[in-house]
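Protein chains: 2
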Amino acid sequence: MKHKSESEKALQELGKDVVKQIKKEKNPELTFTLRGLSNIIYDPKIRSLKLGSKTASRSFFNLAHAKKFLQTFDVAAVIKNLIKEGKHASLRDVFYQVKRTIPSTKINVVDEQTESDKVIEDLEVITNLSREQLHVNANKEGSIVGNVVIEDSGDTINWAKLGSGGWSIPSNVENIKFKKINAKFIIYMEKAAVWERLHEDRFWEKQNCIIITSQGQTTRGIRRLLQRMYEEHNLPIYVLCDLDPWGAYIYSVIKYGSIALAHLGTRMTIPGVKYLGITCQDVEKYGLQKHLIKLNEQDISRIKQISEYDWFKDNKAWLQQFKMMKSMNSKAEIQALSSRGISFISNVYLPEKIKNKDFID
Amino acid sequence: MKHKSESEKALQELGKDVVKQIKKEKNPELTFTLRGLSNIIYDPKIRSLKLGSKTASRSFFNLAHAKKFLQTFDVAAVIKNLIKEGKHASLRDVFYQVKRTIPSTKINVVDEQTESDKVIEDLEVITNLSREQLHVNANKEGSIVGNVVIEDSGDTINWAKLGSGGWSIPSNVENIKFKKINAKFIIYMEKAAVWERLHEDRFWEKQNCIIITSQGQTTRGIRRLLQRMYEEHNLPIYVLCDLDPWGAYIYSVIKYGSIALAHLGTRMTIPGVKYLGITCQDVEKYGLQKHLIKLNEQDISRIKQISEYDWFKDNKAWLQQFKMMKSMNSKAEIQALSSRGISFISNVYLPEKIKNKDFID
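Protein chains in written order, with the working numbering: chain A, 2 to 362; chain D, 2 to 362.
In isolation and in its complexed conformation, chain A is listed as follows (with noise of 0.2 Å):
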């Protein structure tokens, strides 16, 4: 349990921290990396967002931070104690653990689960750890199967072997133990029904590869369990989006990491993914012209405003892509290949594109 005792040590030190400057009849006081818009940037070395170097502080005896001061803490001491009976709990868990009346006041700890949340990111950046890490766990959800054996909570599971369901993937996956992969690459989906297609069509074992999916936005769990399987096994990633801006922006998450997590850095970032939705070219290529839709002005101006994220501007491949988009007043869906037959996209669009290396960086 590595991750256990480092951040029980971190909540200790941070602790100990305190009590050391109330020993010194100093007025307490927390340092760390501010997390607002001002201080995030794009870092096209390490391709990922992270903080910049500007820091906050918190003090006690400060009218305006002594709340946000005690909430550090009691958030802190919820977490130590979920640490030590070894459970995880949700945000909004936390948020009603610390809501409390303080004694002989009127005034609470936290009124709203803002609060809380905001204080579970400070406490990311203080102890430079992971809400996972802190026990504190994000939405569950998603499927998963592939030939792989996987070690979980005293289970050995076999994601080759669970039927039409697949496994679900938990909120935190932080200690599943990697057994035994043989599977040359993963392709990870925006849409549960087009995971449902390549399962039924046995994509994943003819191909042998992993198959993934959540429903829209990935969950942390999610982003995770691909950067494990990346980082510590070396597997290629490819990302299965509809053509449109939401599904640029999905890949670009999972790549180069979201404005609302940048403070964890590279901890959730994969550079190396690559793209294999559907592009502008595929459209001729594939005869979907019959199945455009048409951009609505939340596209188009969803489109503006990605094009000129740091992460995009530069990047020659997406914005020909959004060129062509605005050009040809069209979006187009990963089911558009269901026209050319229902297991299109599994036995020629899929192989061909992967086998041709037809991605986008």
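By construction, these hints were calculated from the structure, which means they are not laboratory data.
Don't take every hint at face value.
Because identical chains share one entry, a pair is satisfied inside a single copy or across any pair of copies.
Said to hold, decoys possible - Taking lysine to aspartate or glutamate pairs in the EDC-like style, the calculated list, with each CA pair at most 16 Å apart, reads:
#1 LYS81 <-> ASP315
#2 LYS162 <-> GLU152
#3 LYS286 <-> GLU7
#4 LYS305 <-> ASP283
#5 LYS291 <-> ASP112
#6 LYS317 <-> GLU7
#7 LYS180 <-> GLU9
#8 LYS162 <-> ASP118
#9 LYS162 <-> ASP44
#10 LYS291 <-> GLU113
#11 LYS314 <-> GLU30
#12 LYS317 <-> GLU14
#13 LYS69 <-> GLU152
#14 LYS162 <-> ASP359
In this text the structure is predicted, and so the values were computed from the model without any measurement.
Position chain D against the provided structure of chain A, taking the given hints into account.
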């Protein structure tokens, strides 16, 4: 493969009947039960929503019907192919498969997915089979754990040996075989985070039960899975939701069905399920008074709306809950129980409520 031949037969009959009409030089016509709101009734005897006796007909030589008539047979043809090939599709896939331009015209068979969706619902009524039996799957969502061994797609799966993730529930559960069920009851919960709590506490092992979750609305796959375990194995089902009108509705859909799927009648309903979620009485009994959340406008209007539904309006226990919510002007979440300790739900709340049969019907 009983379903398969049943479904194939139903579609064949549909085609044969039209051919017969054409040979008799009649205007080919389809007659089926009307699905509109005007024909949806709540039947207290079977405790389920169902369709009334009004029928509609659709004929080919009728300007208002011709397109729908064609759509019906085009969709039926796509489905017949799916069944023949042993494959399943999503609604979106069927839409793309049906979307084609009628030769030497500029008219598409369908332009929007809502058109093919409606035809699929028509076919459910016409053939008296469910979408799943017609190989058209709904959303995939949810996780399950318990002392159960199943067979699915050639794999034998033990739901008790799947680590922290559990089995990922497929969209279509028609072909699952239950090989061994060693459980006394089932708890279905609306929140995946609560499921992870119960699973980490090994609640299902200690209480010898099955725990199952989706996230928010219950998918058709989950409803059918619950129903099959209830009907084929006599397992009591308890539903664990937040105390708010949305939780009450999630419960009622599992029990009585939904307006949108009324044409399925008792095919998806489980009249025997009990509500085990937070009640107004629990608030005092378990000291949650400080953890109530104020009702917002949507909550208030939704309470008014659902208290008038046929299946709630004569139910004293539920009307009392709605009244108390309004007089407290508050709702309460399952996770409010975390304020009493992270495992209070597993160690105290649920065992006590189940032991005392403290349910709402």
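So, going through the hints one by one against the coordinates:
1. LYS81 <-> ASP315: neither (44 Å within a copy, 49 Å between copies)
2. LYS162 <-> GLU152: Both: 14 Å inside a chain and 10 Å across chains, each within 16 Å.
3. LYS286 <-> GLU7: For LYS286 and GLU7, the Cα distance exceeds 16 Å both inside one copy (52 Å) and across copies (39 Å).
4. LYS305 <-> ASP283: neither (22 Å within a copy, 51 Å between copies)
5. LYS291 <-> ASP112: Classified as between: cross-chain Cα gap 11 Å, same-chain 53 Å, threshold 16 Å.
6. LYS317 <-> GLU7: Intra 42 Å, inter 54 Å, cutoff 16 Å: neither.
7. LYS180 <-> GLU9: neither (27 Å within a copy, 44 Å between copies)
8. LYS162 <-> ASP118: Neither, since 38 Å and 33 Å both go past 16 Å.
9. LYS162 <-> ASP44: Close neither inside one copy (41 Å) nor across copies (43 Å); limit 16 Å.
10. LYS291 <-> GLU113: between (49 Å within a copy, 13 Å between copies)
11. LYS314 <-> GLU30: Neither way: LYS314 and GLU30 sit 40 Å apart in one copy and 58 Å across, limit 16 Å.
12. LYS317 <-> GLU14: neither (47 Å within a copy, 56 Å between copies)
13. LYS69 <-> GLU152: Cα proximity of LYS69 and GLU152: none, with 40 Å in one copy and 53 Å across.
14. LYS162 <-> ASP359: neither (31 Å within a copy, 39 Å between copies)
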